[in-house]
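Heads up: the sequence lines are chains P and H, in that order.
The first sequence begins at 1 in the numbering used here and counts up by one.
The second sequence begins at 1001 in the numbering used here and counts up by one.
Keep in mind that the hints were calculated from the coordinates and are not lab data.
Among the hints, a few may not be true.
Claimed, not checked - Listed next, the in silico SDA-like pairs over lysine to any residue satisfying Cα-Cα at most 25 Å (straight line): (1) P:Lys28 - H:Ala1020; (2) H:Lys1022 - P:Lys16; (3) H:Lys1006 - P:Leu151; (4) P:Lys16 - P:Leu106; (5) H:Lys1035 - P:Glu80; (6) H:Lys1047 - P:Asp81; (7) H:Lys1035 - P:Lys28; (8) P:Lys30 - P:Val78.
Everything numeric in this text was worked out from a predicted model, so none of it was measured.
Here is what each chain is made of, one letter per residue.
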Amino acid sequence: MNTSCDALNSEKEHKKLTQIIKYRLPHKFKKLGLLGAISIFIFLIAYKYLGSNTLLVKDVARTLMLLSLLIASLSREVFEDEYVQHVRNQSYALSFFCTLVYSISLPLIAFVLDLLITNVSGDGNVNFYDMSAFEVLFMLVCFQLLFLEALKRFGRVQ
Amino acid sequence: MYNRLKVERAEHDLTQEDLAKKIGVSRQTINSIEKNRYVPSTILALKLSQVFAKPVNDLFTLAEED
């Protein structure tokens, strides 16, 4: 009795997880998400050069930019078949790996450079580059979108 | 895995686009299968075998490294 109940529960959980994994927004959200992210990016650059530096505005804009990129990432393609799903899975795996390498290597490179520069200038303070969560998440979604486009292009090459 | 998709398609006088439409996928998918860049699912393999009226084993063969 217990075994059949467990099997039923695990079947339900598997079904729910599959539904979550396969969930996609309509294709029009892709353009919407990308447009939103680009607009916010331009706004953030303009905001920096205008001399304003309110942390709250920056944080809200960054969060909105991540949300826009997430919407673009979750949107379906014009023709969504099993090959696109396969390529999408590959893009998620590749972006995870690249972000990990980026997150580990960049602070190390910055540290070594800082160490060299500090030794030359001789001010004595070596700083370790602290990566923000925004930076990591931004790279993750950007890598995913770029890899998806690149892998899709390979499929078109005759 | 190797496949005879291109040969079968030529024998049946079908373009990649025609075959894609018949089994409800994109031309990109057919192209990737033909180039051995993508191994189709069992569902897609069965659909292809239906179109060409041949068993799946005649369309796809295992490579040594599989």
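Hint check:
1. P:Lys28 - H:Ala1020: It holds: about 24 Å lies between the C-alpha atoms, which stays within 25 Å.
2. H:Lys1022 - P:Lys16: violated (31 Å)
3. H:Lys1006 - P:Leu151: holds (22 Å)
4. P:Lys16 - P:Leu106: violated (38 Å)
5. H:Lys1035 - P:Glu80: OK: Lys1035 (chain H) and Glu80 (chain P) at ~20 Å, within 25 Å.
6. H:Lys1047 - P:Asp81: With a Cα-Cα distance of about 14 Å, the restraint between Lys1047 (chain H) and Asp81 (chain P) holds, given a limit of 25 Å.
7. H:Lys1035 - P:Lys28: Violated - the C-alpha atoms of Lys28 (chain P) and Lys1035 (chain H) are around 31 Å apart, more than 25 Å.
8. P:Lys30 - P:Val78: holds (10 Å)
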